[in-house]
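Asks: Chain by chain, the residues:
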Amino acid sequence: MRKKKLVLIGNGMAGIHTIEEIIKQAPGQFDITVFGKEPYPNYNRIQLSKVLQGDTEIEDITLNNWEWYEENNITLYAGEAVTSINTKDQVLETDKHRELPYDHLILATGSNPFMLPLPGVEKEGVTAFRDIKDCEEMIAASSKYQKAAVIGGGLLGLEAARGLLNLGMEVDVIHIADYLMERQLDKTAGMMLQKELEEQGMNFLLEKQTASITGKDRARGLLFKDGEKIKADLVVMAVGIKPNIALAKESGIPVNRGILVNDHMKTEIKNVYAVGECAEHKGMVYGLVAPLYQQGQELAKHICGIDSEGYQGSVLATQLKVSGVDVFSTGKINEDSTTKSYKVFDEWRGIYQKVLIDDGKISGAVLFGDTKDGNRLLSLINKGAGIEEYLDGKQSKVTGSGPISEMPSDEIICGCNGVSKGTIIEAIQSQDLKTVEQVKGCTSASRSCGGCSSLVSDILEHTLGDEYHHNQQESICSCTPHTRDEVIEEIKHKGLTHTKEVMNVLGWKSEEGCSKCKPALNYYLGMLNPTEYQDEKESRFVNERLHANIQKDGTYSVVPRMYGGVTNAEELRKVANIADKCQVKLIKVTGGQRLDLLGVKKEDLPNIWSELDMPSGSAYAKGLRTVKTCVGADFCRFGTQDSIGLGVKMEKKFEGLNTPHKVKMSVSACPRNCAEGSVKDVGVVGLDGEFEIYVGGNGGTHMRKAELLAKVKTEQEVMETTAAFLQHYRENASYLERTSAWVERVGIEHVKEVLSDKNTFINLVQRMDEALSIVQEPWKEALEDGRLLRDLYQNVKVPTKSK
Amino acid sequence: MQQLTNKVFVAKASELPDKLGKTVQFRGMELAIFKLAGGKVKAIENRCPHKGGVLAEGMVSGEHVFCPMHDWKINISDGKVQAPDHGCVQTYQVEVEDDNIFVMLPDGQ
Ligand code: SRM
Ligand SMILES: Cc1cc2nc3c(=O)[nH]c(=O)nc-3n(C[C@H](O)[C@H](O)[C@H](O)COP(=O)(O)OP(=O)(O)OC[C@H]3O[C@@H](n4cnc5c(N)ncnc54)[C@H](O)[C@@H]3O)c2cc1C
Ligand code: SF4
Ligand code: FES
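Chains as they are written, first to last, in our numbering: chain A, -1 to 801; chain B, 499 to 607.
Watch out, some of these pointers could steer you wrong.
List of simulated lysine to aspartate or glutamate pairs, EDC-like, C-alpha gap at most 20 Å [stated by the list, open to error]:
| hint | chain 1 | residue 1 | chain 2 | residue 2 |
| --- | --- | --- | --- | --- |
| 1 | B | 549 | A | 57 |
| 2 | A | 550 | B | 543 |
| 3 | A | 795 | B | 513 |
| 4 | A | 599 | B | 561 |
| 5 | B | 538 | A | 789 |
| 6 | A | 131 | B | 583 |
| 7 | A | 550 | B | 561 |
| 8 | A | 795 | B | 583 |
| 9 | B | 571 | A | 435 |
| 10 | A | 35 | B | 583 |
| 11 | B | 578 | A | 68 |
| 12 | A | 550 | B | 595 |
| 13 | A | 507 | B | 597 |
| 14 | A | 795 | B | 597 |
| 15 | A | 535 | B | 561 |
| 16 | B | 510 | A | 68 |
| 17 | A | 48 | A | 533 |
| 18 | B | 578 | A | 509 |
| 19 | B | 571 | A | 713 |
| 20 | A | 514 | B | 543 |
| 21 | A | 795 | B | 528 |
| 22 | A | 247 | A | 435 |
| 23 | A | 651 | A | 742 |
| 24 | A | 650 | A | 713 |
| 25 | A | 535 | B | 605 |
| 26 | B | 517 | A | 57 |
| 27 | B | 578 | A | 435 |
| 28 | B | 517 | A | 533 |
| 29 | A | 498 | B | 583 |
| 30 | B | 517 | A | 674 |
Calculated from the structure, these hints are not laboratory results.
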């Protein structure tokens, strides 16, 4: 028998969730095709907020990767939109002129952002906040412009505004109502939220109506109805969404605000269904994934012929995804004449909780500052529970015993995916799960907005006890299920000596690994066996293979060492002469107190190095970069120590070392810390008669303030403590983990404890010396090895006349 | 139209580094040739379809090269960019006679 053709229009969260459920209920029963206007596989739209806030990357929010479609025999046409449906003959057509017949058709076309029809809305720099493209546009704008305006003080607008703040912009939020999130919060909570966000740096213009967007081609500002003006080079419109029903309407499928569906998500047209934000059920259109996923489950049952009572509507709950602010609301928000309320208002700690009661039953809640009870309140509302049940629960919590054991087994943990505590525990026990990632994979809990992942972690801990480690490691890359620790253990245990061997012996899925695991293994092998391991050029990223940073046009940069940021007239003359002679495109003073010669052709690198006759600054290395210094005691009126001298010594000692990620150091000669020790991997601060050593700082993508590791008396002790610290880091961090991330993960107290053991300390220092004993000056090494020069630095030029 | 090709000598196999790429310049065009783990030699256009990265400097893994600019993964044999990215690069036929490597290149105008 021919398989029934099932076609999905809309490759988004609701549609694909429905397909996942169908595959679960009736594997292999349908011949499935999916059309999606966006050129990506299904991704987690909710997490766009986190992408914008810099907590995750676009690459990491994919929910179903390309392989998933392949493995499940689903034909995906990404970047292709359906343009018409002939419901009589059951055929559809796309913008690429493809025609496809169907037996069942699901419309899951989502919503379009609502753009206020203001004069100037078509200008460059005006965007919605709905998809990856919008996100990319905002990120790009933030690198060029300073001022942003967000129109709309609801959930989406505030998340956008927080993201733009994180991207370094100044943000005005324009809102038409007199307080924020007025559809989810009451006035008290709305005002508390505003205060909190103002402290985070947002600026609010309330009860304001925009009249037009000013500027020539690009937006330059907003003009309001009251005549006031503000500047803005980026305008984000977040005033709401409207169901995307154009296709349905044109194809004669009955619509109102959304596409009309019954309890089984059937439209009024035979074999056509609708699910998600585009669907209207009993007069309601939903814009959150929890109800949409419930709809998807009901639709899947129906299509697979499983009896069920169908979709019965949902009680909504919302949570704001802005770090440092906890807001939750569900059900009814404002009191009316028949409502009673239970309120807690702790102005001092910034906590406000209001539970609304109609006829003795809980009908809604608004929580601010402490939202732990959110999901519980939602389940209670869904159960039709009375207020007593909530208050009794609260009582027993005060008297002790952990919240997880208190929770009834049917309590929903993941609101988005409707996963209960019982289901999670069942999965942990029956499938031997150990990590949040695994629970996510098996049960979908925390797979959407991620808000419940800490609860999932608590449940793991509650279920597994001591067996559970919070900081479970991920595998090295998708070529292997093994974690870093497992791989290192195996290398030691089996005495493995090169990357290929590790991959073979440990059963890598790909024969020669990938750009993630190759350099990682190369590092681990070298770290474990410094004197014998043969570094593999082919496992090094180009910069580290060629000892120069590749530029966007394929040329390279040359950064020689200037120890401690100190140079002299002779060196500068040499640099100047070479720059002239080799027509270097640009000389730049770097952020690391030295000079960078940019735009050098690969073939010219050896020439420049040999004429410079200076050591490589390793500005490309996963190793020691610079040791920044301040002027120090010899010149500065506040200086207490010879910061330059110590900095130069440190740079000379640790240069050329291989580390999991780059290492930057600094030495300052007083607490004014002009060499910026608080954002260095190792920052030394000289005081009168002693030195403070700070570690784990970072001034890059994820700012982190360094923490005090030790106070010591002598330069000798500074050198040794640094050596012990770095060696411990080399031996324990994952490849590409900066000291900042590593110290954060293991805790400074742990590092201190390790180094406090005399024997351990001495051994670490010794192993550091061993690692340093094999260091060679890389430019010199290349210059002296004809084969290296030919293999790495010369291109083949085929003479034109050749036959 | 029939495309005329030239059989062009580019290098000796023994003089190419293992598991690495090499840039070959010929009449204003650039190829990346790779000597793979088993000694097989492949030739592709030396320009990543993303933003023009120099593929000869990419990390080679089996039949794939990872572009040094933004890590796109490209199949060296058929030139296809691997998911989630899209596109392809031109591949060129390679013939090895003894130690000599020839690439079949389009005839210049
Ligand atoms: C040259 C320099 C910019 C400048 O002109 O000042 C620079 C240039 C690059 N930085 Fe940087 N960084 C430079 C100082 C910094 C600093 C400031 C500092 O060191 O005082 C930081 C922040 C401090 C920090 O690292 O904690 C910095 C944080 C980064 C990061 C983010 C690291 C992080 O952990 O978040 C990267 C990306 C990476 O390493 O993965 C990066 C990566 C890069 C790369 C290597 C990007 C790449 O892979 O191609 C850039 C090479 C550009 C080129 O085409 O040559 N650069 N970079 C600076 C070189 C200093 C030196 O003398 O060696
Ligand atoms: C920044 C942001 C934050 C959010 N935060 C939360 C949150 O914290 N919690 C929560 O529950 N929800 C949140 N949401 C809402 C949630 O993401 C949506 O409710 C959900 O994604 C809707 O799913 P859907 O499948 O109905 O629509 P979509 O995910 O929009 O999918 C519809 C897809 O159909 C495609 N399409 C449309 N027309 C066609 C056509 N003719 N042919 C082919 N393809 C077509 C569209 O391009 C789109 O990719 C957030 C949304 C955003 C934008
Ligand atoms: S030099 Fe650093 S900050 Fe500047 S563009 Fe390159 S990586 Fe980014
Ligand atoms: S240029 Fe090749 S990945 Fe971007």
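Asks: Between residue 535(A) and residue 561(B), is the straight-line Cα distance small enough, at 20 Å or below?
Replies: With a Cα-Cα distance of about 18 Å, the restraint between residue 535(A) and residue 561(B) holds, given a limit of 20 Å.
Asks: Residue 795(A) and residue 583(B): Cα distance at most 20 Å?
Replies: Violated. Residue 795(A) to residue 583(B) sits at ~31 Å, over the 20 Å cutoff.
Asks: What's the verdict on residue 650(A) and residue 713(A), does the C-alpha distance respect the 20 Å limit or exceed it?
Replies: holds, 14 Å
Asks: Taken at face value, is the distance from the CA of residue 435(A) to the CA of residue 571(B) at most 20 Å?
Replies: With a Cα-Cα distance of about 26 Å, the restraint between residue 571(B) and residue 435(A) is violated, given a limit of 20 Å.
Asks: Keeping to a limit of 20 Å between CA atoms, is the pair of residue 498(A) and residue 583(B) held or broken?
Replies: violated, 27 Å
Asks: Straight-line Cα separation of residue 578(B) and residue 435(A) no greater than 20 Å?
Replies: Violated, because 31 Å separates the two Cα atoms, which is more than 20 Å.
Asks: Checking one constraint from the list: CA of residue 48(A) to CA of residue 533(A), max 20 Å. Satisfied?
Replies: violated, 38 Å
Asks: Would you check the hint for residue 550(A) and residue 561(B), treating anything up to 20 Å between C-alpha atoms as holding?
Replies: Cα-Cα ~25 Å, so violated.
Asks: Would you mind confirming whether the straight-line C-alpha gap from residue 517(B) to residue 57(A) stays at or under 20 Å?
Replies: violated, 28 Å
Asks: Are the Cα positions of residue 131(A) and residue 583(B) separated by 20 Å at most?
Replies: Status holds; Cα separation ~15 Å.
Asks: Is it true that the CA of residue 550(A) sits at most 20 Å from the CA of residue 543(B)?
Replies: Holds: residue 550(A) and residue 543(B) sit about 17 Å apart, inside 20 Å.
Asks: With a cut-off of 20 Å on the C-alpha distance, tell me whether residue 549(B) and residue 57(A) pass.
Replies: With a Cα-Cα distance of about 18 Å, the restraint between residue 549(B) and residue 57(A) holds, given a limit of 20 Å.
The structure does not agree with the numbered hints 4, 7, 8, 9, 12, 13, 16, 17, 19, 20, 22, 23, 25, 26, 27, 29, 30 stated previously, though it agrees with the rest.
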